[in-house]
Amino acid sequence: MLTAEGEPTMNRVIVAGLMLLVTAVPAAAQGPIKIGFFAPLTGFAAADGASARHSAEIAVEEINGAGGIKGRKIELVVYDDRHDSKEAVAVASKLIEKDQVVGVVSGSYSMPSRVTAPIFAKAGLPVTVAYAVHPDVTKAGPCVFRNGFLGQVEGAAGAESAVKLQKARRIAVLTVDNDFGRVASAAFIERAKKLGAEIHSEQVYKLGEKEFGPYLTKIKDEPIDLIYHTSYYNEGSQIARKARELGIKAALEGTEGIDSPKFLELAGPAAEGVTFTTNLNRDDPRPEVQNFLKRYQAKAGTGADMVGASAYDAVRILARGLETGGTDPKAICAALTGLKDYHGITGKITRFVKGEVTKPVQIQIVKDGKVRSFAVIDNPEVITPPVQ
Amino acid sequence: MYLLTVATLVAIYAILTLGLNTVTGLAGQISLGHAAFFGVGAYTTAILTVRHGWSFWPALLAAVAASAAVGALVGAAAIRVRDDFLAITTMGVNFVLVSVFLYFPFFGGALGIGGIPGPRLLGQEVAKPGFLALTIGGVVLALAVNLWLGRSWAGLALQALREDEDAARAAAVDVRKFKILAFTIGTGLAGLAGAFYASFLTFISAGDFGFPFSITVLCMLVFGGIGTNRGAVAGAIVLGAAPELFRFLADYRMLTYGALLVLLVRFQPAGLLGDDSAIWRRLRGARAA
Amino acid sequence: MIVQQLVNGLTVGSLYALMALGLTMVYGVLRVLHVAHAAVFTLGAYGGLWTFTLTGSFWLALLGAMAVAVAAGLAMERWVYWPLLAKPTVATLIASIGVFVGLEEVYRLVAGPEPHAFRVTLRINDVRIADVLVTAPQVLVIAVTVALLAALWLFLTRTSLGLALRAVSQDREIAAACAMNVRRIVSLNFALGSALAGAAGMLVGVYYNSVSPTMGDVTAYKGLAIIVLGGLGSVPGTVVGALLIGILETAFIGFVEFPFPRDAWAFLAMIVVFLLRPQGLLGR
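Chains as they are written, first to last, in the working numbering: chain A, 112 to 499; chain B, 10 to 298; chain C, 18 to 301.
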């Protein structure tokens, strides 16, 4: 308030006070940093969606609990893509325009990730992909970073484990008919042959298949050392059960698709001795890994799986980009492109090459009803992603 | 951009419901496999533009032609059956076609087809608002086709078919020709929607065209008012936009659809804006008064 | 190996048969495609699992599964199908689809989307005849199916109620004219068909050690193809059709290795039979 003659001292105090307020308020009123997150929260993939979501939330809670990113908290904007392309596209435009996120984490499968990646790329937003495997996801733009393995890498690592470590000479391959299955199996077969094994049979089955009698009866009486199957926990558990039911003695090796407590539950005693390639090592002594496993168990009531661990890392990686680059999407992108030697719970990322990681592949085994470490594949020839 | 996205998707749904209305509403033939023809259009567009470098426009025409052709085939098979049989047949066609899309590398197999380019006009890529205008143009076209069909001699014959197939046959209406015609037009429209869809999403895979989506489209038509064009459009708009408006209902969406279908059929079979619906009667009453 | 695969095919076919019978019986009396039958099947599985968890007895669980399924089937008949009889068939079909979709969602919301294990320790052994192995679970499935089918056949051919059922199935109006309580017969049909589906659901749950909300989907669609293939309304036709499809699928995986997805065979077969003999294999 100014009188006609002025009360300079009073005015100056008020103005000074206002100026102080104006500078102090932005820091607090800047509000949380919004990052987008989408996963199949409903529909057939809801279990994985839930796992991804729980884990992403754990990551955010940890970051915020430790003070956030330079004092600002992270806010996860979560959407359900229902594993449907149209839904994913609507979600993507919402995140960009309405929620105005600065970065996105895909906690979803290949289809929604693949259809949204170009949309985010066009909008200049950085995306970290937890576990989707389709090779084209990272080709959408220079700012898409995948935490998980490419199908090719995983298949090749599976072959190393099967042939070199488990000494399998004659192998039967069962492939699930989707992008992940086809790519991983193809890579497995190529590498296994290179290592001197014989691929006795190759069979393809549909996603969701439960009846493996016909497939396994065909190889029941053959001298097979190992059956390699790309599958998810539904099919993988059926394969294990039927194989044991038929009296097949061959070893069973799967992929990250069966990295889930559900596999153990549904396969029952048949799960014993099954190995699989994945990125989560439950025997990893590092505190961050064990803490995550404990927190996940407490939050979700079941054991953690590859999907969850990958989602956790994907959020953390984006957060690292925020820490080093700031909140400008371009800067986050640059920060992630230059990321070196990042220690995630799903393994150490040396760096991203065209959005793909070079990371050792874990081989886990089911022993006495628990998932334990079997081996680690870190042969550069195997784990380097086939991109230029 | 978000609104444009939702509006474009709704427009695509509207073309689908209008096409389904041609088959199910106008001609009284039960189709539970509309999504498959949608897929034929989408894949035709994708393959021609991505693998053979065709521009969007001729690919669009080819997509309509391809799905209409497949529709004509199914229509020809349909002449041997009626009602329930047809429902299962179209359902079967849906499953078989999706399996074909998924299995054979020609259709991209499990990996789908990506990198589908958008339409170009005068050397420029059509931007989002332009694309929306294009799809709305498609809706208008579908409406025009249905209106023309309804008012033409073919339309009268189809109406006769719908009322009583045997009587129509007795009156020497060539049942066979009209069934095939209805199918062909309806599926051609589905193909049109498919072409827009492929261009819009830039990536398609077999899972987009399964039986559940056929059900969703049927649901939209029934909800809006089966047998009427305004119902088809209304159903597409309401059920297409509803998920966005009612995100909090997200986990209960399919449950709501199911309950809606049952309740509608039992208590308000004319749907929202069908000829006998409460709302439409009130609207007409208001107009007459 | 051929006989071995035949066993596989027959086992799968038996499960299809139990499921499809309900469909054909309902069609027989109401001329309605009971798509929601799949939801009854799944409810049977959950009901069986729940009863088993409570009692620990396989047989009680089987009864529980059938009871729950019967209740659901009758409820559908009473509140959805019967009131819509006068309306065109499109209406009942759409309503059925609505019930199917809605119920599956209810299962998902109540029991969760992930599958539940259904572990039953079988006290029977594998059966070995020469080179052929019939595993214990397969023995169970085949035995229970044979028992249920035998019971159904006896009922339909040896009891007056069964005869009445077949009469109504042939022609509802004439049966009503003969003063048969058509309504009661229709309900009985639903009850029997649902009981079989409930048993099928539980058997599938046990056989694959997995109960999930969408477990009925594929079998339901396939069931529709099977009943058309076998002859709409024909009980023996459905059984033959189901076994045939089971064997066909198995053969194409086990021998021919024709690269065509398994589930599409039923529809392909249906379309072929349709074009050659529209009334189905054993239809009238």
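Hints should not be assumed to be uniformly reliable.
[Stated by the list, open to error] Have a look at the derived ranges for each label pair, beta carbon to beta carbon:
no., chain 1, residue 1, chain 2, residue 2, range
1, C, D148, A, R483, 37 to 45 Å
2, C, L91, B, M10, 30 to 38 Å
3, C, N142, A, K478, 25 to 33 Å
4, A, K410, C, L126, 17 to 25 Å
5, C, M18, A, K478, 47 to 55 Å
[Stated by the list, open to error] No more than 27 Å apart at the CA atoms, straight line, and that leaves these computed lysine-lysine pairs for BS3-like:
no., chain 1, residue 1, chain 2, residue 2
6, A, K209, B, K186
7, A, K317, A, K304
8, A, K441, B, K137
9, A, K145, B, K186
[What the hints assert, rightly or not] Covered stretches of chain B, as calculated for chain C (at least 3 residues, CB under 8 Å):
no., stretch
10, 62-74
11, 142-151
12, 215-227
13, 274-287
It is worth saying that the hints were derived from the structure and are not from the lab.
Even glycine gets a Cβ: it sits at the ideal position worked out from N, Cα and C.
Hint-by-hint comparison with the structure:
| no. | hint | verdict |
| --- | --- | --- |
| 1 | D148/C <-> R483/A: 37 to 45 Å | 38 Å, holds |
| 2 | L91/C <-> M10/B: 30 to 38 Å | 52 Å, violated |
| 3 | N142/C <-> K478/A: 25 to 33 Å | 28 Å, holds |
| 4 | K410/A <-> L126/C: 17 to 25 Å | 21 Å, holds |
| 5 | M18/C <-> K478/A: 47 to 55 Å | 34 Å, violated |
| 6 | K209/A <-> K186/B | 51 Å, violated |
| 7 | K317/A <-> K304/A | 25 Å, holds |
| 8 | K441/A <-> K137/B | 24 Å, holds |
| 9 | K145/A <-> K186/B | 59 Å, violated |
| 10 | 62-74 | violated (count 0) |
| 11 | 142-151 | violated (count 0) |
| 12 | 215-227 | holds (count 3) |
| 13 | 274-287 | holds (count 3) |
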